[in-house]
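S.K.: Residues per chain, in single letters:
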Amino acid sequence: MNRLFSNMGILEKALDAAWLRNEVIAHNIANADTPGYKKYKVVFEEELKSAIEASALKGKKTRPKHLDIGATSIDQVSPRIVRTGGTQMREDGNNVDMDEEMTNLAKNSIMYNALVQKIAGEFRKLKAVINEGRR
Amino acid sequence: MQVGSITASKDIAGVASSLRKQERGISFGDMLKQAISDLQQLQKISTYDNYLLATGQAESLHKVMIDAEKAEIALQFTLQVRNKLLEAYQEIMRMQI
Numbered sequence: 001m002n003r004l005f006s007n008m009g010i011l012e013k014a015l016d017a018a019w020l021r022n023e024v025i026a027h028n029i030a031n032a033d034t035p036g037y038k039k040y041k042v043v044f045e046e047e048l049k050s051a052i053e054a055s056a057l058k059g060k061k062t063r064p065k066h067l068d069i070g071a072t073s074i075d076q077v078s079p080r081i082v083r084t085g086g087t088q089m090r091e092d093g094n095n096v097d098m099d100e101e102m103t104n105l106a107k108n109s110i111m112y113n114a115l116v117q118k119i120a121g122e123f124r125k126l127k128a129v130i131n132e133g134r135r
Numbered sequence: 001m002q003v004g005s006i007t008a009s010k011d012i013a014g015v016a017s018s019l020r021k022q023e024r025g026i027s028f029g030d031m032l033k034q035a036i037s038d039l040q041q042l043q044k045i046s047t048y049d050n051y052l053l054a055t056g057q058a059e060s061l062h063k064v065m066i067d068a069e070k071a072e073i074a075l076q077f078t079l080q081v082r083n084k085l086l087e088a089y090q091e092i093m094r095m096q097i
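Here the protein sequences come in this chain order: F and G.
Counting in our numbering, the first sequence runs from 1 upward without gaps.
Counting in our numbering, the second sequence runs from 1 upward without gaps.
Do not take every clue at face value.
Covered stretches of chain F (in silico footprint by chain G; criterion: 3 or more residues with CB under 8 Å from a CB of chain G, positions within the stretch not fixed) [stated by the list, open to error]: (1) 9-15; (2) 123-130.
27 Å max Cα-Cα, derived DSSO-like pairs, lysine-lysine [stated by the list, open to error]: (3) K44(G) with K38(F); (4) K63(G) with K49(F); (5) K63(G) with K107(F); (6) K70(G) with K49(F); (7) K84(G) with K41(F); (8) K125(F) with K70(G); (9) K63(G) with K44(G); (10) K33(G) with K127(F); (11) K44(G) with K127(F); (12) K63(G) with K125(F); (13) K49(F) with K44(G); (14) K70(G) with K127(F); (15) K33(G) with K65(F); (16) K33(G) with K125(F); (17) K84(G) with K107(F); (18) K84(G) with K127(F).
Everything labelled a hint here was simulated from the structure, so no lab data went into it.
Cβ coordinates follow ideal geometry from the N, Cα and C atoms, glycine included.
Whenever a hint applies, use it, and build me the whole structure from the sequences.
M.R.: This is the structure we're talking about:
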């Protein structure tokens, strides 16, 4: 049954990431005035890309205790939250750049909408194929 | 999408031979085959766009959306053609000779 939705796995992952990124950005904006706060970001796209590209190239495991070499499968890629230290915007050590956060928020919501439309389209196609087979 | 052989229905009651030769020399079967492989191509492009979109590599959003709509419309069209073909087949089956 899962093969039915194999096209959607990647979209689901991306939607998870976009949702999480929205929360992280909201968190950053809420803490824009907290002294010493360092902003967070979501790392996902690059990891997904490398996982897909390298899924053809995998280390062979001859013992069950061996670690995975190369990319893990796409299922195992999940969005991660990373704290960005180092930079500083103000005297109190806070590094939230409001302009940057707002830009990312807008970008992320466009991305989210696009992904939602795309996955809705996939579902529509599946339904059409199932329902139209009656005659 | 895997569509099983439709060619089996070509030989029903000699209808195939009259359909096979059309004015421009393209057989109906070939045309159908071409259309289905076009559909398959569009679906593949749409799936590849999913990958581009999810990994943030899509160069333009509108292209992704247009490709998705194209794939969906091609699919709907193919389904309707299939339904019509089946209807025609059933009509012939019901004919009293």
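S.K.: Tell me the hint numbers this structure goes against, listed in increasing order.
M.R.: The structure breaks hints 3, 7, 15, 17; every other hint is satisfied.
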